[in-house]
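Undergrad: Read off the chains here:
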Amino acid sequence: MTANIIIATVLVHLFTALLQLTFWRKTITQRVLSVAGSLTGFAFALGLFERVRTGPILTMNAANWEAPFGIVFVADQLSVTFVLLTAIVALAVSIFSATGVGRARMLYGYFPIFHFLIMGLNGAFLTGDIFNLYVWFEVIIISSFVLLTLGGRKAQLEGAVKYMALNILASTFFLTGIGILYGITGSLNMADLSQKIQWVENQAIINLTAMFFLIGFGIKAALFPLYFWLPSSYHTPPSAVAAVFGGLLTKVGIYGFFRVFTLIFVPDDFIKAVLMGIAVMTILTGAFGAIIKDNIRRIFSYLIVCHLGFVIGGLALFTKIAFIGAVFYLIHDIMVKTNLFLMAGLIRHLRGTMNMSKLGGLYAQYPKLSLLMAVVLFSLAGIPPLSGFWPKVYLFDGGYQGNDYLYIGGIIIGSFITLYLVARIWSEVFWKRAATDDFVVDRFKSLQWHRKTLLVLPICLLACSSLFIGLNAEYIIQIADKIAGEMADPSPYIEAVLGK
Amino acid sequence: MKSTILQTATRYLHPILLLFSVFLLLRGHYFPGGGFVGGLVASIAFVLHSVAYGTHSSMKILRYKPLSMIPIGLGVASLSMFLPVFFGYPVMTGLWLDDPVPVIGTVGTALFFDIGVYLVVIGVVLTILFTISLETH
Amino acid sequence: MELLLVASIGFLYAAGVYLILKRSMVRLLLGIVLLGNGTNLLIFLLGTITKGKPPVIEPNLKVLADIYSDPVPQALILTAIVISFGLTSFAIVLLKRVYALIDTDDLDDLNTPEEEDI
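The listed protein sequences correspond, in order, to chains R, B and U. Under the working numbering, the residues of the first sequence are numbered 1 to 500, in order. Under the working numbering, the residues of the second sequence are numbered 1001 to 1137, in order. Under the working numbering, the residues of the third sequence are numbered 2001 to 2118, in order.
Simulated from the structure, these hints should not be mistaken for laboratory data. We put the beta carbon where it would ideally sit given N, CA and C, even for glycine. Please note that a few of the clues may not be correct.
Distance condition first, Cα-Cα at most 30 angstroms in a straight line; then the derived DSBU-like pairs of lysine-lysine [what the hints assert, rightly or not]: (1) Lys2096/U - Lys154/R; (2) Lys2022/U - Lys162/R; (3) Lys368/R - Lys320/R; (4) Lys320/R - Lys272/R; (5) Lys432/R - Lys26/R; (6) Lys432/R - Lys452/R; (7) Lys1065/B - Lys26/R; (8) Lys2053/U - Lys1060/B; (9) Lys196/R - Lys2051/U; (10) Lys2022/U - Lys196/R; (11) Lys2096/U - Lys1065/B; (12) Lys26/R - Lys2096/U; (13) Lys2022/U - Lys2096/U; (14) Lys368/R - Lys272/R; (15) Lys2096/U - Lys1002/B; (16) Lys2022/U - Lys154/R; (17) Lys2062/U - Lys196/R; (18) Lys2096/U - Lys162/R; (19) Lys26/R - Lys1002/B.
Distance ranges between label pairs, derived from CB positions [said to hold, decoys possible]: (20) Leu2101/U - Ser1068/B: 39 to 45 angstroms; (21) Asp2106/U - Glu495/R: 51 to 57 angstroms; (22) Gln478/R - Thr2048/U: 54 to 60 angstroms; (23) Phe2011/U - Glu495/R: 42 to 48 angstroms; (24) Ile1132/B - Val2082/U: 15 to 21 angstroms; (25) Thr2104/U - Thr22/R: 37 to 43 angstroms; (26) Lys2022/U - Ser1068/B: 37 to 43 angstroms; (27) Gly2010/U - Thr1106/B: 44 to 50 angstroms; (28) Leu2101/U - His1056/B: 41 to 47 angstroms; (29) Trp199/R - Thr1106/B: 39 to 45 angstroms; (30) Asp2105/U - Lys368/R: 47 to 53 angstroms; (31) Lys2022/U - Asp442/R: 53 to 59 angstroms.
Using the sequences and the accompanying hints, generate a full structural model.
TA: So, in structure tokens, the structure goes:
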């Protein structure tokens, strides 16, 4: 069945970027176009999400070539959930960027590149062809390079060099894996691969190929031994950019894990053990790295690493209940991490710095904004009934059923350190008496009201999404349950693609 | 450094290379060639010109900034990609005219996609190379 | 032919890894380029090399009668080359900017301490 609506979100962002390129250097038009494009993209994503939630898996054969030969786009529940989350993040960030990004950056094409990035993300989530997934990854990283280096401060370039080297290396590993996979099976279609890989007799070469994918996605998802590029680059770009990166870019790597390790390489005990070891170490290194930092964006960067370990652990347990926990955690994490970086940007507008030793007294001066930010921080820590609480219940349950007490210990330590950091941020940034008034550069107060709204509105939007996820957990669990079912048994996906 | 031999040779090579790039672009659907290769050859023509006469004079004969070719090329390519949707086909399906046009051959959406790629490649390559060479001097 | 390719792939990977382990940024970039080329050759090799005709069916026939060579690895390599062209040129410009800023090629001199954060 052909459904062109699948790649509507990709096309919307492509044409938005093109329109913006024709309005080069007209920043006001670009800002309006950006918000309009993101709104349209959100509408299409919501439509697609509803259609797949209530109906069958949709597929589209690009260029009308039949499934195993051409490139196929597939919208199953996992894909459309990611697409919807991307659309929400894109909407929030494009509203925030209207004020939160400097005019100089906009003149050098900030908005078109941003929309190319979102286009790449949508494409990566929707494609059903593994080489096409590689191409979308490259679209993502090349746009993220530009977003990261726009501005060209020394710290930015430092982050960019590490980010660039490691990400190109990851792509090379990924491509090598694809090459070997094509050599042993003669196919690139993921559904087709899922069937053909079972006929390969030499199990050793399959595990070897799986390791190439593990390293490639592991660098992109910032897992334990390969994570260090993330904390050294995510604190350098403008907060709007860091929000997209923190919310979505590492999650593309996680999406790759979910797709490839449930559909193509069904993990045996060896790979499960490797994944679990990586997950626990990721949680611990991320958590301990975050403790010693003073800059709030550096803390958030390490927390991204820490919390990705929870998700990979859920994948490593490989039971349905752990899948539900992992997927739910991802849904929660994308909303909250994006919001944290937007919040850091707002704090910088309020105080001119993001260093905790120089901050303080925000609650006294801006009580309403502080309460808004408290919602975000508390849902990060997973205080019930906010959104971080429910997925952990499922992850614990999965861990107990799999008798994996190391992982449970990891989750407990990771959660406690997160809680400690939230308390520390709350007391240092909001409660503590402001150090001296000399440092304070309050750019927020002098802004016009509509600019203030543009800064606060996206944070409200994402905080409401977090609240919705927390208070309406039953609905999210239904969706996570459907996704977990797809991950545990990929035969409906294969049937939908190959039409058998 | 200006060399008379190179300048004289460039005067003849430049149009030949451009013509050859169009030839590569048009034959690309069934034979080796295509938008990417054609675009590279066309940009080599301008790079050769800039080596012989200096970057400023080749920017002058280009008239437009190479950067402006990128949105035009992308626009042409994405429109040709999107056109089949109006006829009820999936995105990127090739639509072809029935009768071949003399000299060019059969015209279809794939040709316009290639033209878009051709423009984007010229735009990207020249933007990068001109930026680097202008920064150095 | 295969043996030659295997040897050159091994050489490219080894040289690439060796260069990536250096501290100099230019060598890092060269190493990445070599690794990418090694990967392209690997895809070419694994797609099984056959001396055959292009896989275009003659208008009056229904199936391919001759031995044909698989076009997919070539399409993959072409795409990969285009992508690595873009990435490499971006990386060169980035390294040039870095060199203009800190006047050295050493990756260690680029570190910024946490105190300089905004």
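Undergrad: None of the hints should be skipped; say for each whether it holds.
TA: Structure-based check of each hint:
1. Lys2096/U - Lys154/R: Holds, at about 13 angstroms.
2. Lys2022/U - Lys162/R: The hint holds at about 14 angstroms.
3. Lys368/R - Lys320/R: violated (41 angstroms)
4. Lys320/R - Lys272/R: holds (15 angstroms)
5. Lys432/R - Lys26/R: violated (42 angstroms)
6. Lys432/R - Lys452/R: Satisfied, since the Cα-Cα distance of roughly 24 angstroms is no more than 30 angstroms.
7. Lys1065/B - Lys26/R: The given pair, whose Cα atoms are some 17 angstroms apart, holds under the 30 angstroms limit.
8. Lys2053/U - Lys1060/B: Violated, at about 45 angstroms.
9. Lys196/R - Lys2051/U: holds (26 angstroms)
10. Lys2022/U - Lys196/R: violated (41 angstroms)
11. Lys2096/U - Lys1065/B: holds (22 angstroms)
12. Lys26/R - Lys2096/U: holds (29 angstroms)
13. Lys2022/U - Lys2096/U: holds (18 angstroms)
14. Lys368/R - Lys272/R: violated (46 angstroms)
15. Lys2096/U - Lys1002/B: holds (26 angstroms)
16. Lys2022/U - Lys154/R: With a Cα-Cα distance of about 21 angstroms, the restraint between Lys2022/U and Lys154/R holds, given a limit of 30 angstroms.
17. Lys2062/U - Lys196/R: With a Cα-Cα distance of about 27 angstroms, the restraint between Lys2062/U and Lys196/R holds, given a limit of 30 angstroms.
18. Lys2096/U - Lys162/R: holds (15 angstroms)
19. Lys26/R - Lys1002/B: violated (40 angstroms)
20. Leu2101/U - Ser1068/B: 39 to 45 angstroms: Distance hint for Leu2101/U, Ser1068/B is violated at roughly 29 angstroms.
21. Asp2106/U - Glu495/R: 51 to 57 angstroms: Cβ of Asp2106/U to Cβ of Glu495/R: about 56 angstroms, so the range 51 to 57 angstroms holds.
22. Gln478/R - Thr2048/U: 54 to 60 angstroms: violated (47 angstroms)
23. Phe2011/U - Glu495/R: 42 to 48 angstroms: holds (45 angstroms)
24. Ile1132/B - Val2082/U: 15 to 21 angstroms: holds (19 angstroms)
25. Thr2104/U - Thr22/R: 37 to 43 angstroms: This hint holds: roughly 41 angstroms between Cβ atoms.
26. Lys2022/U - Ser1068/B: 37 to 43 angstroms: For Ser1068/B against Lys2022/U, whose Cβ atoms are near 40 angstroms apart, the range 37 to 43 angstroms holds.
27. Gly2010/U - Thr1106/B: 44 to 50 angstroms: Holds - the Cβ-Cβ distance for Gly2010/U and Thr1106/B, about 45 angstroms, lies within 44 to 50 angstroms.
28. Leu2101/U - His1056/B: 41 to 47 angstroms: violated (26 angstroms)
29. Trp199/R - Thr1106/B: 39 to 45 angstroms: holds (40 angstroms)
30. Asp2105/U - Lys368/R: 47 to 53 angstroms: About 51 angstroms separates the Cβ atoms of Asp2105/U and Lys368/R, which means 47 to 53 angstroms holds.
31. Lys2022/U - Asp442/R: 53 to 59 angstroms: Taking Cβ atoms as reference, Lys2022/U and Asp442/R lie about 47 angstroms apart, which means the hint is violated.
The earlier numbered hints that this structure contradicts are 3, 5, 8, 10, 14, 19, 20, 22, 28 and 31.
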